[in-house]
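Given only the sequences and the hints, what does the whole structure look like? Please build it.
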Amino acid sequence: MTAAALELDGLRKSFGKTEIIRGVNLSIAPGERHAIIGPNGAGKSTLFNLITGRFPNSGGKVSLHGNDLAGKAPFEINRMGLSRSFQITNIFPKMSVFENVRCSLLWSKGYKYSFWTMVSKSQDLTDAADAILEQINLTARRDLPAGVLSYAEQRALEIGITMAGGADVIMLDEPTAGMSHSETDYIVDLIRKVTENKTLIMVEHDMGVVFGLADYISVLVYGEIIATGRPEEVRANPKVQEAYLGAALEEEH
Amino acid sequence: MSDTTQKTAVRPTGVTMSMALPWLIAGAFLLVMPYVFTSNSAITIMNQMAITIIFALSYNMLLGQAGMLSFGHAVYMGVGGFMCVHIMNYVEDYSIPLPLPLLPLFGGLFGLGLATIVGSFSTRRAGTVFAMISLGVGELIAACSIIIVAFFGGEEGVSGDRTMGLPFFGNEFLQQIDVYYLISFWVMLSALLMFLFSRTPVGRMANAVRDNPERAEFLGYSARWVRYYSFCAAGFFAGIAGGLFAISYEILTAENLGLLLSGEILLITFLGGVGFFFGPIIGAIVFTLLQTVLSLQTELWQLYVGALFVATVMFFPGGLAGVLMMHVPAIRLGNAKLLVVPYIKTLIPATIGILAISGFIEILFYSRHAPVGETEMTVFWTDIDTASIVPWIVTVGLALVCFWITKRNAPELVETWHRANAIDGGKA
Numbered sequence: 003m004t005a006a007a008l009e010l011d012g013l014r015k016s017f018g019k020t021e022i023i024r025g026v027n028l029s030i031a032p033g034e035r036h037a038i039i040g041p042n043g044a045g046k047s048t049l050f051n052l053i054t055g056r057f058p059n060s061g062g063k064v065s066l067h068g069n070d071l072a073g074k075a076p077f078e079i080n081r082m083g084l085s086r087s088f089q090i091t092n093i094f095p096k097m098s099v100f101e102n103v104r105c106s107l108l109w110s111k112g113y114k115y116s117f118w119t120m121v122s123k124s125q126d127l128t129d130a131a132d133a134i135l136e137q138i139n140l141t142a143r144r145d146l147p148a149g150v151l152s153y154a155e156q157r158a159l160e161i162g163i164t165m166a167g168g169a170d171v172i173m174l175d176e177p178t179a180g181m182s183h184s185e186t187d188y189i190v191d192l193i194r195k196v197t198e199n200k201t202l203i204m205v206e207h208d209m210g211v212v213f214g215l216a217d218y219i220s221v222l223v224y225g226e227i228i229a230t231g232r233p234e235e236v237r238a239n240p241k242v243q244e245a246y247l248g249a250a251l252e253e254e255h
Numbered sequence: 479m480s481d482t483t484q485k486t487a488v489r490p491t492g493v494t495m496s497m498a499l500p501w502l503i504a505g506a507f508l509l510v511m512p513y514v515f516t517s518n519s520a521i522t523i524m525n526q527m528a529i530t531i532i533f534a535l536s537y538n539m540l541l542g543q544a545g546m547l548s549f550g551h552a553v554y555m556g557v558g559g560f561m562c563v564h565i566m567n568y569v570e571d572y573s574i575p576l577p578l579p580l581l582p583l584f585g586g587l588f589g590l591g592l593a594t595i596v597g598s599f600s601t602r603r604a605g606t607v608f609a610m611i612s613l614g615v616g617e618l619i620a621a622c623s624i625i626i627v628a629f630f631g632g633e634e635g636v637s638g639d640r641t642m643g644l645p646f647f648g649n650e651f652l653q654q655i656d657v658y659y660l661i662s663f664w665v666m667l668s669a670l671l672m673f674l675f676s677r678t679p680v681g682r683m684a685n686a687v688r689d690n691p692e693r694a695e696f697l698g699y700s701a702r703w704v705r706y707y708s709f710c711a712a713g714f715f716a717g718i719a720g721g722l723f724a725i726s727y728e729i730l731t732a733e734n735l736g737l738l739l740s741g742e743i744l745l746i747t748f749l750g751g752v753g754f755f756f757g758p759i760i761g762a763i764v765f766t767l768l769q770t771v772l773s774l775q776t777e778l779w780q781l782y783v784g785a786l787f788v789a790t791v792m793f794f795p796g797g798l799a800g801v802l803m804m805h806v807p808a809i810r811l812g813n814a815k816l817l818v819v820p821y822i823k824t825l826i827p828a829t830i831g832i833l834a835i836s837g838f839i840e841i842l843f844y845s846r847h848a849p850v851g852e853t854e855m856t857v858f859w860t861d862i863d864t865a866s867i868v869p870w871i872v873t874v875g876l877a878l879v880c881f882w883i884t885k886r887n888a889p890e891l892v893e894t895w896h897r898a899n900a901i902d903g904g905k906a
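In the order they appear, the protein sequences are chains A and B.
FYI, this note's numbering numbers position 148 of the first sequence as 150, with every residue one higher than the one before it.
FYI, this note's numbering numbers position 117 of the second sequence as 595, with every residue one higher than the one before it.
Bear in mind the hints are in silico, worked out from the structure with no lab data behind them.
Glycine included, each C-beta is placed from N, C-alpha and C at the ideal position.
You can take every hint at face value.
Some but not every residue of chain A turned toward chain B, in silico, with C-beta under 8 Å:
#1 F77
#2 N80
#3 R81
#4 R86
#5 N92
#6 I93
#7 S116
#8 F117
Rendered as structure tokens:
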């Protein structure tokens, strides 16, 4: 049996006396699209930050493909094949769109910290970056500074640089937050396209997106996962309905 | 249209003419300059300028490229320079066959050596932490200059003689002009290498780390190591500048390590513009000119340089290079000629106004500091008497009138500016 793409074992996090994540166990199989939902303040983003090494955890264990991530810095975790996006757009605003993508390719293309090669001389690198721009529909914006793009375009770029490095576990933190309906559709299509054959873990508030994309859903409430399963099972789960989903679904209609 | 040409054109892997042209022009310029300005003092100024260019470009590797604000960059130039003077003396004492043109390389290596040590703990964080550590280390090493006398020579510094090295194709570098060509060679080489550095993976990631260190970490790069490599490279080129300083002046003192010089290079780099590679070059040229030419004209030159710096920071954060590059879109759209008349109508009165104010300041300064009874002075080639009220009224009045005209014409300039930068510009 192959190791889970990502496995959380009794993960905990406290800020001072307040325990935000209270023992999360979760196993995500390779190739699975897994959504984490939950009310505001449930600790979804904190959970992301713990997995990706942005914050140190207070207890428990995170493993990526069976390798323990304890004590690893974000860049080391990224090199092991896990890449993430952020809830608040996190790109390189002063650099061109093309540069943004090219920078996200450098490590995975093996350039490391080299200062004896010219990036512009590598046709392979340029082609790969252009291919990603094509995929995220930003070819027309190639040479603009990323900071001047529209919000939806910046989100698309963020997803582009998240998956550019070729990581096989992709974590997206609210990829459609603050978007209009048509923009959301565009991003959902994009996510579906770029995460093919990869493991996707996402936090999302938009139930339409969640039920459209996810193979599995976990519901996080007050730092604990109260249910995990197929979308229809989670939807039918009375505990979930009580805690969260009912209210959210009612809001939608 | 430009989109399609860009996509279909095969990107050349060799060096294209448009890439090489600025460098060829700069090289030709350096070759010709001594024939235009032949006096020894002019050549000394140009040497100083070239050394400052390398130093400023190296500083911009930190500030502009990697987002590290250093208050102690003079240390790397100074240490490289001191080492070069010592080597010069070893060459003299032990007849080591070292040709002088290779000397700056050793300065570079010592700058690099010191940077690898200091960088190992100072580059962990950017921002305030880095700035404070650079300040502390700068002060520390400057203080060492009177403690470690064997290396820094105490208060009188260390001096040497550049002519004692192995003759380089028969040249012993007796003349300033020989030194000029040596420095020109190094300024071209260093500038080219620094430019190429900015095009390497680590140079590109330096920009990424400057913009958003956290994101860079989530792309597999350690922000700290990216900063470290930039820091070491900057130390290397600062050391080269120090070596050239040693060759040009044959003496280094504690001043070459001090906070004053570290602050000055920050000012120069910012004045020139941190956002463009050539910005610090402009800054170095302008500042050296002000420092040498303006200081001959007035004791108050530092006041004017300070005012220029403050004005740059407040109104043109892109520096002089930013001001120049601001015009590129208008030129591309073919609307640059629209701007000529409004520019004349605002900039000429503004310039006269500023000169009138500086005239007023000069008169004020003279009237306060001249020996009692001395009232005759020369301002802008005019002999005036500070005891009479006329020069005071003329300067103030001229300044007020000129600024009023500037203010009146400024909206027209702004309006034309928007028109010149709009896609359908001139026709609308």
